[in-house]
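Given the sequences, and given the hints that come with them, work out the whole structure.
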Amino acid sequence: MDTNALPLGLLEPGDPEFDDSGGDATGDAGQQDGDHHPRSNVVLIVFAPKEPEPKRFRFPFDEFVGDAAKVAAEKFEYEVGTPSFQRMDGTVLDRSVTLRAAGVHNREELELVDAGGGV
Amino acid sequence: MTLLPATTVRATVEAELVGARAWAARHNWSLHWLAEDLVLRAATYHTAVHQLVEAVAECDSYRALPPAWRFVDPGTDQSEPKWFPSAHPAGSIFHGNGLICAPWNRLAYSEHGGPHNDWNGAASWLQVPAVNTVAHTIADMLSTIDSHLRKSPGMMR
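Protein chains in written order, with the numbering used here: chain A, 1 to 119; chain B, 1 to 157.
I should point out that these hints are in silico values taken from the structure, not numbers from a laboratory. The model shown is predicted, which means the values in this text are computed figures rather than measured ones. It is possible that some hints are incorrect.
Only some residues are given here: those of chain B computed to face chain A with a beta carbon under 10 Å [as the list claims (entries may be wrong)]:
| no. | residue |
| --- | --- |
| 1 | T12 |
| 2 | E14 |
| 3 | R26 |
| 4 | H46 |
| 5 | T47 |
| 6 | V49 |
| 7 | S86 |
| 8 | A90 |
| 9 | P129 |
| 10 | A130 |
| 11 | A135 |
| 12 | K151 |
| 13 | M155 |
Straight-line C-alpha distance at most 25 Å; calculated DMTMM-like pairs for lysine to aspartate or glutamate [said to hold, decoys possible]:
| no. | chain 1 | residue 1 | chain 2 | residue 2 |
| --- | --- | --- | --- | --- |
| 14 | A | K70 | A | D94 |
| 15 | B | K151 | A | E108 |
| 16 | A | K55 | A | E17 |
| 17 | A | K55 | A | D20 |
| 18 | A | K75 | A | D20 |
| 19 | A | K75 | A | E51 |
| 20 | A | K75 | B | D73 |
| 21 | A | K75 | A | D94 |
| 22 | A | K70 | A | E109 |
| 23 | B | K151 | A | D94 |
| 24 | B | K151 | B | D73 |
| 25 | B | K151 | A | D20 |
| 26 | B | K151 | A | E17 |
| 27 | B | K82 | B | E54 |
| 28 | B | K151 | B | E80 |
| 29 | A | K55 | B | E14 |
| 30 | B | K151 | A | D67 |
| 31 | A | K75 | A | E53 |
| 32 | A | K55 | A | E74 |
Backbone N, C-alpha and C define an ideal beta-carbon position, used for all residues, glycine too.
Shown next as structure tokens:
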């Protein structure tokens with residue numbers, strides 16, 4: 001299925017990329033969907049510190065990290081803060097660059113973090 | 001002064017620990033909840049200096065008040081500068097006075113010995129304007145400590 005025709009934001013049941021059961025191979029480092037359409041969007045598996053289970057989101061590759069993190073934070077019911085994404089190696093993504101520039105790949109697991117500084 | 005019954009605090013913290021334990025498993029932290037004492041001990045490695053560090057949160061009156069967070073000599077309750085991570089020059093919650101300086105640390109408030117008399121007191125910790133670090137659950141506090149620890153160049157001396 002052409003994933004570029006699928007809705008953005010939080011993935012809901014029935015979406016072919018809602019979980020891994022659809023077998024929609026990411027292929028080509030995740031830059032193509034299962035039917036080899038070039039992807040214009042990326043599915044991210046996002047954890048939040050306060051929740052044991054992740055949520056999946058679909059974002060345009062050209063979305064800014066800070067904007068995407070804000071969308072995810074709202075779905076996890078974070079009302080305030082300066083959200084960003086953290087890779088599992090601890091690297092916090094620059095909120096001012098796009099997801100493409102940040103180098104995220106399809107189905108990458110990221111953690112929501114507050115990128116606010118010290119006081 | 002205790003603002004909430006221990007049973008209330010215990011139930012609140014233990015509900016939050018479900019998420020916190022999952023977070024800790026993903027980020028190589030060890031959590032030890034001392035339910036009778038209402039104390040959470042959280043340990044990990046400071047990767048820049050390959051050293052075990054342990055943060056302790058006294059959670060009495062949580063969430064009427066934020067926890068009292070401090071770094072200790074691991075396995076003890078001793079708090080000395082050499083057990084406290086140093087700050088990244090670009091900004092950090094780790095202050096040169098050996099204090100985790102954040103609205104979610106009770107010890108940052110002036111009525112508890114800290115420097116901040118500008119946050120309307122520890123009982124207002126959830127209303128402190130979100131201009132800097134924000135963490136309203138124990139898991140989010142741990143996540144913030146972890147983020148700043150990863151940028152810390154070493155330990156205070």
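Here's how the hints hold up against the structure:
1. T12: 13 Å, violated
2. E14: The hint is violated - E14 of chain B has no Cβ within 10 Å of chain A, the shortest such distance being about 13 Å.
3. R26: Constraint on R26 of chain B satisfied, holds at 7 Å.
4. H46: 12 Å, violated
5. T47: Since the shortest Cβ distance to chain A is 8 Å, the answer is holds.
6. V49: Violated, about 15 Å.
7. S86: 12 Å, violated
8. A90: It holds, given that the least Cβ distance between A90 of chain B and chain A is near 8 Å, below 10 Å.
9. P129: Status holds, d = 9 Å.
10. A130: 4 Å, holds
11. A135: The hint holds - A135 of chain B has a Cβ within 10 Å of chain A, the shortest such distance being about 6 Å.
12. K151: 9 Å, holds
13. M155: At 17 Å from the nearest chain A Cβ, M155 of chain B fails the 10 Å test, so the hint is violated.
14. A:K70 <-> A:D94: Holds - the C-alpha atoms of D94 of chain A and K70 of chain A are around 13 Å apart, at most 25 Å.
15. B:K151 <-> A:E108: Answer holds: K151 of chain B to E108 of chain A is near 23 Å, not above 25 Å.
16. A:K55 <-> A:E17: 12 Å, holds
17. A:K55 <-> A:D20: 13 Å, holds
18. A:K75 <-> A:D20: 21 Å, holds
19. A:K75 <-> A:E51: 11 Å, holds
20. A:K75 <-> B:D73: 38 Å, violated
21. A:K75 <-> A:D94: 21 Å, holds
22. A:K70 <-> A:E109: 16 Å, holds
23. B:K151 <-> A:D94: Answer holds: K151 of chain B to D94 of chain A is near 15 Å, not above 25 Å.
24. B:K151 <-> B:D73: 20 Å, holds
25. B:K151 <-> A:D20: The given pair, whose Cα atoms are some 34 Å apart, is violated under the 25 Å limit.
26. B:K151 <-> A:E17: 35 Å, violated
27. B:K82 <-> B:E54: Holds: K82 of chain B and E54 of chain B sit about 12 Å apart, inside 25 Å.
28. B:K151 <-> B:E80: 20 Å, holds
29. A:K55 <-> B:E14: It holds: about 23 Å lies between the C-alpha atoms, which stays within 25 Å.
30. B:K151 <-> A:D67: 24 Å, holds
31. A:K75 <-> A:E53: 13 Å, holds
32. A:K55 <-> A:E74: The given pair, whose Cα atoms are some 12 Å apart, holds under the 25 Å limit.
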